[in-house]
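Produce the complete structure using the sequences and hints provided.
Protein chains: 2
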Amino acid sequence: MTPPWTPLALRLETPAVLVDQTRLDANLRHMQGKAQTQGVALRPHAKSHKSGQIARLQLAAGAVGLTVATVEEACAFLAAGVPSVTMAYPQPQVARLERCMALAAAKAAELLFVVDGLLVLTALAEAAAKHPCPALTDGDSRWGVFLKVDVGLGRCGVAPESGVLVELARAVSRCAGLRFAGILSHAGHAYAAGDAQGVRAIAGDEILKMALARMRLQDAGFHPPVVSVGATPTALAAESFAGVQEIRPGNYIFLDLQAVRLGLATLDDPALWVVATVVSRNWKYCILDAGSKTLSSDAGPHGLALAPSPDEDAPRHGLAFPLHPESPGDAEGYPIVKLSEEHAFMVHHGIGPRVGEKVRILPAHACSVTNLTEHLTVAFPDGRLESWPVLARPGRPAAAPPAI
Amino acid sequence: MTPPWTPLALRLETPAVLVDQTRLDANLRHMQGKAQTQGVALRPHAKSHKSGQIARLQLAAGAVGLTVATVEEACAFLAAGVPSVTMAYPQPQVARLERCMALAAAKAAELLFVVDGLLVLTALAEAAAKHPCPALTDGDSRWGVFLKVDVGLGRCGVAPESGVLVELARAVSRCAGLRFAGILSHAGHAYAAGDAQGVRAIAGDEILKMALARMRLQDAGFHPPVVSVGATPTALAAESFAGVQEIRPGNYIFLDLQAVRLGLATLDDPALWVVATVVSRNWKYCILDAGSKTLSSDAGPHGLALAPSPDEDAPRHGLAFPLHPESPGDAEGYPIVKLSEEHAFMVHHGIGPRVGEKVRILPAHACSVTNLTEHLTVAFPDGRLESWPVLARPGRPAAAPPAI
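These protein sequences, in sequence, are chains A and B.
Letter by letter, the first sequence follows residues 1 to 404 in UniProt numbering.
Letter by letter, the second sequence follows residues 1 to 404 in UniProt numbering.
No lab work stands behind these hints: they were computed from the structure.
Just so you know, these numbers come straight off a predicted model, no measurement behind them.
Among the hints, a few may not be true.
Label-pair ranges, simulated between beta-carbon atoms [as the list claims (entries may be wrong)]:
#1 B:G263 - A:G198: 39 to 47 Å
#2 A:L136 - B:R11: 27 to 35 Å
#3 A:D205 - B:D311: 50 to 58 Å
#4 B:T266 - A:L267: 47 to 55 Å
#5 B:T266 - A:A95: 32 to 40 Å
Ideal Cβ placement from N, Cα and C applies to all residues, glycine included.
Printed below as a string of structure tokens:
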């Protein structure tokens with residue numbers, strides 16, 4: 001279906017990252033509704049949008065707070081007034097922890113951390129000793145700590161059956177400034193599941209593994225901890241969140257080619273598109289003005305390209321649709337198979353758009369696209385455009401140079 | 001060899017993009033020296049660094065101007081006072097061309113464009129009609145136009161043997177505000193050549209193809225056009241630039257894992273490193289705090305990963321070295337095989353650094369790393385650190401919203 005913002009996009013300078021406000025709103029309401037129906041809290045991952053405007057919409061719709069990955073993201077959203085933030089990343093740098101804590105204390109905001117080992121916990125305890133937590137509405141003045149559980153991605157986290165789990169929970173409880181808040185997982189390997197059924201199996205497996213971890217902690221004498229799970233595919237595919245108290249999807253707000261490939265969304269759902277112009281055309285490719293510096297080189301999250309295909313013409317980096325569809329093939333979309341820094345290689349199959357014409361690209365991974373632009377261009381159904389700044393971009397100058 | 005800035009890097013907050021000033025200077029002098037010895041002009045591609053400081057160093061050492069890919073880059077470097085800029089990207093958007101031309105005219109700077117088809121030329125002529133070129137030192141007040149020749153990358157450009165080449169040159173000459181400046185190529189496919197000998201063969205082939213294009217234009221009555229070629233591998237590998245007047249390498253200023261893999265540099269040459277911290281460690285991987293949002297997901301330029309290996313433990317996204325080497329394996333480096341947005345998966349081979357320890361990463365593609373950071377942290381041999389801002393990041397807000 002041709003999106004209603006097509007006439008507007010035809011007049012944009014490119015490349016432009018365009019967000020369809022109607023779809024954004026639909027995606028936001030769908031996930032919030034699912035959380036409410038299932039009786040779980042929604043704490044969206046803000047790394048997908050890095051937008052103060054979108055964070056406000058999520059909180060107004062009922063989100064309990066935000067999830068972030070970096071210190072920059074934590075500080076940006078705390079500064080913007082978000083009342084509760086989980087930094088779902090083990091952070092062993094004391095100075096970086098102190099910066100977040102100082103800001104959260106100044107804002108009287110809740111800040112939750114994750115640990116998956118004693119060295120990270122030691123750093124957190126050291127920072128907490130210097131920066132007391134504000135007294136929150138529940139009266140607790142200790143920083144919240146989640147234990148990260150690895151449910152299959154093989155990245156951070158403790159195995160649910162490992163003895164380290166209970167040992168770490170005990171160690172958290174012994175730290176004066178910290179309180180044990182719960183257990184937290186990310187089933188990012190769901191992006192490699194192939195289809196919705198495969199994702200559903202991983203979502204079920206995650207819930208079982210987290211139930212095991214929770215039971216072991218209860219058996220060791222802990223109050224039943226909060227179970228927080230999160231990944232857009234599992235949140236979309238799961239039929240039940242029995243035993244889960246909180247979900248933390250991020251990408252759901254935009255969706256992208258991965259969600260469509262997994263059968264978790266249709267082409268009418270994604271809210272984020274890259275508008276690009278054909279700048280050259282050769283025997284095989286239309287060359288577009290949106291390369292790896294606009295679309296990113298991601299073929300999917302966590303380096304997990306879905307169904308690695310021997311077909312060199314598979315839409316590895318995106319699927320492009322002419323804004324002015326003319327030939328029957330235009331509705332199918334044209335695969336973006338290769339990227340230079342500022343050029344996309346789009347296979348035109350002998351038809352497709354001419355030089356100077358515009359296309360809209362569904363990127364492989366929306367979160368990486370947001371990170372690459374200074375602003376999102378948001379298209380409202382009444383034909384209005386707004387520019388929403390992207391916050392928390394990395395690589396600030398080094399603090400006062402430490403001379404050797 | 002452990003770099004001299006190691007003690008300093010041990011105290012940096014991570015992830016940080018660190019530039020070794022001594023090596024930057026050596027790389028700059030090596031390429032400028034080669035250009036001078038061979039009697040060709042050096043016009044570095046600024047997309048690799050996007051830095052006003054580095055541009056000034058290149059011009060001071062003898063570069064004749066800069067090459068850029070985007071309108072944002074052109075405007076940033078024109079505004080910074082660079083006297084001559086080639087925008088080596090076919091641009092069919094008239095409004096974007098006009099913006100560059102207005103700025104170049106205000107700065108009395110030379111601005112050169114590329115075309116590879118009539119539609120792009122028409123856009124350029126339309127913009128030129130509204131924005132006359134400043135009278136340059138040679139008295140010519142027409143905007144310079146290069147014809148882009150495809151020498152094998154299969155991206156933009158006209159085949160050297162194609163009839164379109166002469167036709168386009170004639171069309172340029174018929175445009176009142178434009179002057180035919182020369183022919184321009186980019187042998188980016190050299191990144192897939194496998195080794196230095198393969199790169200040398202591609203460099204030789206490029207020179208032959210450009211000589212053919214030049215001869216055909218001469219035979220058609222044109223004054224012998226300037227031949228401009230450019231890619232770091234070919235510029236490093238070529239033994240002679242006979243028949244070439246200008247080279248446009250970009251990556252040479254930093255170098256990266258691609259140059260080392262191709263045998264065009266050693267591990268003692270690269271000037272750009274990402275300093276990261278181990279945040280978690282599991283049975284196979286050290287997890288580092290530098291993911292695709294710091295290193296980019298590039299496995300090499302133009303989507304051309306070198307020697308696609310069946311070895312899943314190949315250093316696809318970078319090679320990491322502990323800042324505190326302890327075990328014999330530490331000197332070999334540890335491969336970064338997979339990336340999440342904020343996490344790198346580094347294979348530790350049962351040894352390698354502990355949680356909280358720092359590593360320096362040689363990235364697969366330095367140009368993409370620069371694009372992802374707000375600042376470069378530059379380490380001088382005297383132990384000084386400077387923060388150099390990265391210019392021309394993409395995705396400015398849309399100009400005055402065009403209501404439908």
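Do the hints match the structure? See the list:
One distance hint, 39 to 47 Å for the beta-carbon pair B:G263 and A:G198, holds here, with the actual separation near 42 Å. Hint check: A:L136 to B:R11, Cβ distance near 34 Å, so the stated range 27 to 35 Å holds. At about 29 Å, the beta-carbon gap between A:D205 and B:D311 misses the expected band of 50 to 58 Å. Evaluation of the 47 to 55 Å hint for B:T266 and A:L267 yields a pass: the beta carbon distance comes to about 49 Å.
At roughly 34 Å, the beta-carbon separation of B:T266 and A:A95 lies within the given 32 to 40 Å, and the hint holds.
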